[in-house]
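Hey, can you work out the whole structure from these sequences and the hints?
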Amino acid sequence: MSRETALNAALLLGLLGVALVAMAAAEPFIVTLATKVAILALAGVGLNIALGLGGMVSFGHAAFFGLGGYATGVLASHALNYEPLMETPILIEGTTQMLVIWPVAMALSGVAALAIGALSLRTSGIFFIMITLAFAQMIYYFAISWPAYGGEDGLSIYVRSEFPGLDTLDPIQFFAICFALLCLALLFSAMLARSRFGLALSGARQNEARLRAVGIGPYGVRLIAFVISGMITGLAGALFADLNRFVSPSMLDWHTSGQIIVFVILGGVGRLCGPVAGAGLYILLEHNLGGLTEFWQAPFGLLLLLVVLFAPGGIIGLLARGRRHG
Amino acid sequence: MSLILLIEQVLNGLQLGVMLFLMAAGLTLVFGVMGLINLAHGSLYMVGAFACAAVAAATGSFWLGLAASLAAAAGAGALVEITVIRRLYRRDHLDQVLATFALILIFSESVRWLFGSFPLYLDTPPLLAGAVTLPGGIEYPLYRLAIIVAGLVVATGLFLLIGRTRLGVRIRAGESDREMIAALGVDIDRLYTAVFALGAALAGFAGAMVGAIQSVQVGMGEPVLILAFVVIVIGGVGSIKGALIGAILVGVTDTLGRFLLPIAFGAVMEPSAATAIGASLASMLIYILMALVLVFRPTGLFGAGA
Numbered sequence: 001m002s003r004e005t006a007l008n009a010a011l012l013l014g015l016l017g018v019a020l021v022a023m024a025a026a027e028p029f030i031v032t033l034a035t036k037v038a039i040l041a042l043a044g045v046g047l048n049i050a051l052g053l054g055g056m057v058s059f060g061h062a063a064f065f066g067l068g069g070y071a072t073g074v075l076a077s078h079a080l081n082y083e084p085l086m087e088t089p090i091l092i093e094g095t096t097q098m099l100v101i102w103p104v105a106m107a108l109s110g111v112a113a114l115a116i117g118a119l120s121l122r123t124s125g126i127f128f129i130m131i132t133l134a135f136a137q138m139i140y141y142f143a144i145s146w147p148a149y150g151g152e153d154g155l156s157i158y159v160r161s162e163f164p165g166l167d168t169l170d171p172i173q174f175f176a177i178c179f180a181l182l183c184l185a186l187l188f189s190a191m192l193a194r195s196r197f198g199l200a201l202s203g204a205r206q207n208e209a210r211l212r213a214v215g216i217g218p219y220g221v222r223l224i225a226f227v228i229s230g231m232i233t234g235l236a237g238a239l240f241a242d243l244n245r246f247v248s249p250s251m252l253d254w255h256t257s258g259q260i261i262v263f264v265i266l267g268g269v270g271r272l273c274g275p276v277a278g279a280g281l282y283i284l285l286e287h288n289l290g291g292l293t294e295f296w297q298a299p300f301g302l303l304l305l306l307v308v309l310f311a312p313g314g315i316i317g318l319l320a321r322g323r324r325h326g
Numbered sequence: 327m328s329l330i331l332l333i334e335q336v337l338n339g340l341q342l343g344v345m346l347f348l349m350a351a352g353l354t355l356v357f358g359v360m361g362l363i364n365l366a367h368g369s370l371y372m373v374g375a376f377a378c379a380a381v382a383a384a385t386g387s388f389w390l391g392l393a394a395s396l397a398a399a400a401g402a403g404a405l406v407e408i409t410v411i412r413r414l415y416r417r418d419h420l421d422q423v424l425a426t427f428a429l430i431l432i433f434s435e436s437v438r439w440l441f442g443s444f445p446l447y448l449d450t451p452p453l454l455a456g457a458v459t460l461p462g463g464i465e466y467p468l469y470r471l472a473i474i475v476a477g478l479v480v481a482t483g484l485f486l487l488i489g490r491t492r493l494g495v496r497i498r499a500g501e502s503d504r505e506m507i508a509a510l511g512v513d514i515d516r517l518y519t520a521v522f523a524l525g526a527a528l529a530g531f532a533g534a535m536v537g538a539i540q541s542v543q544v545g546m547g548e549p550v551l552i553l554a555f556v557v558i559v560i561g562g563v564g565s566i567k568g569a570l571i572g573a574i575l576v577g578v579t580d581t582l583g584r585f586l587l588p589i590a591f592g593a594v595m596e597p598s599a600a601t602a603i604g605a606s607l608a609s610m611l612i613y614i615l616m617a618l619v620l621v622f623r624p625t626g627l628f629g630a631g632a
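Residue numbers (the working numbering), protein chains in the order written: chain D, 1 to 326; chain E, 327 to 632.
To be clear, the hints were calculated from the coordinates, so they are not data collected in a lab. Only a predicted model underlies this, so the values are computations on that prediction, with no experimental measurement involved. Fair warning: there could be bad hints in the mix.
[Said to hold, decoys possible] Ranges of calculated distance between the beta carbons of each label pair, as one might list FRET restraints:
#1 E/W439 - D/L187: 57 to 63 Å
#2 E/F622 - D/E152: 56 to 62 Å
#3 E/G489 - D/L85: 53 to 59 Å
#4 E/I589 - D/L309: 47 to 53 Å
#5 E/G483 - D/L85: 40 to 46 Å
#6 E/D503 - D/L114: 53 to 59 Å
#7 E/I589 - D/Q97: 32 to 38 Å
#8 E/L487 - D/N288: 46 to 52 Å
#9 D/L85 - E/L586: 39 to 45 Å
#10 E/L487 - D/L187: 56 to 62 Å
#11 D/L114 - E/L486: 30 to 36 Å
#12 D/E152 - E/I614: 18 to 24 Å
Positions of the beta carbon are idealized from the N, C-alpha and C atoms, including for glycine.
What follows is the structure, given as structure tokens:
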């Protein structure tokens with residue numbers, strides 16, 4: 001077992017351990033913090049597929065995170081007032097079942113990722129960064145100016161969605177759901193990285209000309225990876241809305257995109273558990289610095305700056321003392 | 327809808343466009359010359375606006391405030407370039423994005439700490455208060471007209487600076503071959519600091535001018551920054567001409583879209599739905615414009631290459 005694998009296992013067990021100990025100590029707030037880490041890490045795992053494996057610097061992943069959140073919010077609000085979402089051509093009713101909401105959230109963010117990716121991937125480098133950013137802002141402004149689902153005020157979700165056989169309002173049971181999904185996504189992402197598709201994607205990042213030479217077009221490979229990446233981040237958004245029982249345009253805001261990038265980079269780009277370490281550190285700092293000063297984002301920004309300038313491999317890179325992947 | 331109202335909206339669009347040009351020019355200059363993507367450019371705009379509002383409130387003079395905004399933004403820009411940005415030129419875009427994102431957090435929280443969370447207000451200078459009557463009997467606020475004129479004057483000055491002066495020659499040379507002009511004895515570090523401070527001063531100037539129409543608050547730079555990105559994506563990264571045309575295109579499209587779309591939808595559906603749909607579509611209009619431009623010209627209207 002390599003040092004990084006051990007570190008990954010320790011991170012996940014640590015997160016699980018924190019939640020279990022907090023439950024035993026009757027500290028539901030800490031369980032909720034751990035849940036938040038799991039969900040944000042899941043969003044980062046999604047972005048890491050595009051960013052770490054594919055080398056696509058998407059500054060628009062808030063779009064998928066927010067769309068996932070709105071999928072939960074909109075379906076729940078229709079379930080509450082018994083008004084179908086759509087009657088023609090097919091009847092679509094609201095729901096509070098996670099098992100229905102998740103596929104809807106993933107499909108919605110997947111379709112958005114397909115459209116945004118198809119256009120954005122015509123460009124590269126700085127253009128790609130700015131265009132993904134601009135498309136996410138487009139959806140943000142749309143959400144703000146669309147009054148039907150709360151507009152600027154957002155949408156409250158009165159009941160947390162249900163999962164068969166579990167009580168999702170119990171913090172530890174909701175944590176279990178989020179943690180299980182995080183582990184599944186990590187497993188999927190590790191398998192993806194080792195698959196032939198993952199190799200092609202890595203090839204597109206490292207040397208486009210060689211990938212073309214072996215007969216694979218980079219555009220299609222990147223687009224598929226971008227869609228998968230968007231879908232996972234969308235799923236995280238659906239969970240995040242359920243966690244807060246609230247969804248608002250701020251989930252779509254470009255600060256959110258920046259934060260998801262921060263999780264990935266703080267942890268280590270392209271590292272499997274980088275997003276877990278990054279999200280964990282972020283929440284830890286937010287919680288502790290936030291208790292010290294109301295202006296905690298300034299020291300946080302300073303710390304971030306130092307990591308970028310002096311520790312390019314992120315936390316995992318620093319701890320595992322390995323080189324950055326690729 | 328009257329013609330006068332329409333012309334007023336076109337002028338408003340022009341005013342927005344000119345302000346966007348001041349923002350986009352700095353961004354595109356810094357990217358063109360140094361290959362650096364600077365998300366913290368909106369923070370410099372905010373610094374300019376706050377400096378103007380604070381000095382104008384303390385001295386009672388808008389003009390001193392304006393001078394302070396230029397000095398504060400240029401100073402902040404030079405400081406940031408020397409301490410942080412300088413280390414990022416050779417890094418990839420991802421590091422640049424992240425480090426400048428960190429700078430936004432630092433700037434926003436520091437300004438919030440200094441001035442508090444409540445917005446400041448900046449009065450228009452008495453000299454430019456009131457309205458003027460334009461040919462055709464159109465009443466238009468003098469201050470907004472002055473913004474358009476000032477923006478166009480600065481734009482002309484910038485074109486002359488880049489095209490006709492020694493500094494401009496160096497900037498253009500630095501854009502095409504950094505090693506060569508360093509070998510010719512130009513102090514490249516100082517040149518970069520100067521270009522960065524110039525871009526910052528333009529952003530600060532825009533912030534101060536707009537501060538008298540809107541409220542001055544933390545986070546005010548970010549929506550403008552995103553619009554400026556749209557402008558340079560449409561115009562082509564690194565092109566000042568592209569920035570000017572892109573900025574006016576975006577300014578006019580956005581303003582006219584917000585004005586005309588609800589009216590257009592109102593012709594075919596009931597008023598409340600028309601307002602809602604028109605407004606949502608209008609807020610997306612410039613992004614749709616950008617997508618269209620990119621479908622046909624992936625490097626923007628005047629872009630040479632990404």
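Per the hint of 56 to 62 Å, is the separation of the Cβ atoms of E/F622 and D/E152 within bounds? Distance hint for E/F622, D/E152 is violated at roughly 34 Å.
So does E/I589 sit 32 to 38 Å from D/Q97, Cβ to Cβ? Violated: the Cβ-Cβ distance is about 43 Å, outside 32 to 38 Å.
Supplied distance hint 18 to 24 Å, evaluated on CB atoms of D/E152 and E/I614: Holds, at about 21 Å.
Whether the CB-CB distance between E/G489 and D/L85 falls inside 53 to 59 Å: holds (57 Å)
Hint check for D/L309 and E/I589 - Cβ pair distance inside 47 to 53 Å: holds (52 Å)
A range of 53 to 59 Å was offered for this pair. Does it hold for the Cβ distance of E/D503 and D/L114? 41 Å Cβ-Cβ, so the 53 to 59 Å window is violated.
For the range 57 to 63 Å, tell me whether the beta carbons of E/W439 and D/L187 fit it or not. violated (44 Å)
Okay, D/L85 versus E/L586 on CB: inside 39 to 45 Å? violated (31 Å)
Taking the Cβ atom of E/L487 and the Cβ atom of D/L187, is their distance within the range 56 to 62 Å? At roughly 57 Å between Cβ atoms, D/L187 and E/L487 fall inside 56 to 62 Å, so the hint holds.
Hint check for E/L486 and D/L114 - Cβ pair distance inside 30 to 36 Å: Given a distance of about 47 Å, which is not inside 30 to 36 Å, the answer is violated.
Does the Cβ pair E/L487, D/N288 satisfy 46 to 52 Å? holds (48 Å)
Should the hint that E/G483 and D/L85 are 40 to 46 Å apart at their CB atoms be regarded as holding? violated (55 Å)
In summary, the numbered hints that this structure violates are 1, 2, 5, 6, 7, 9, 11.
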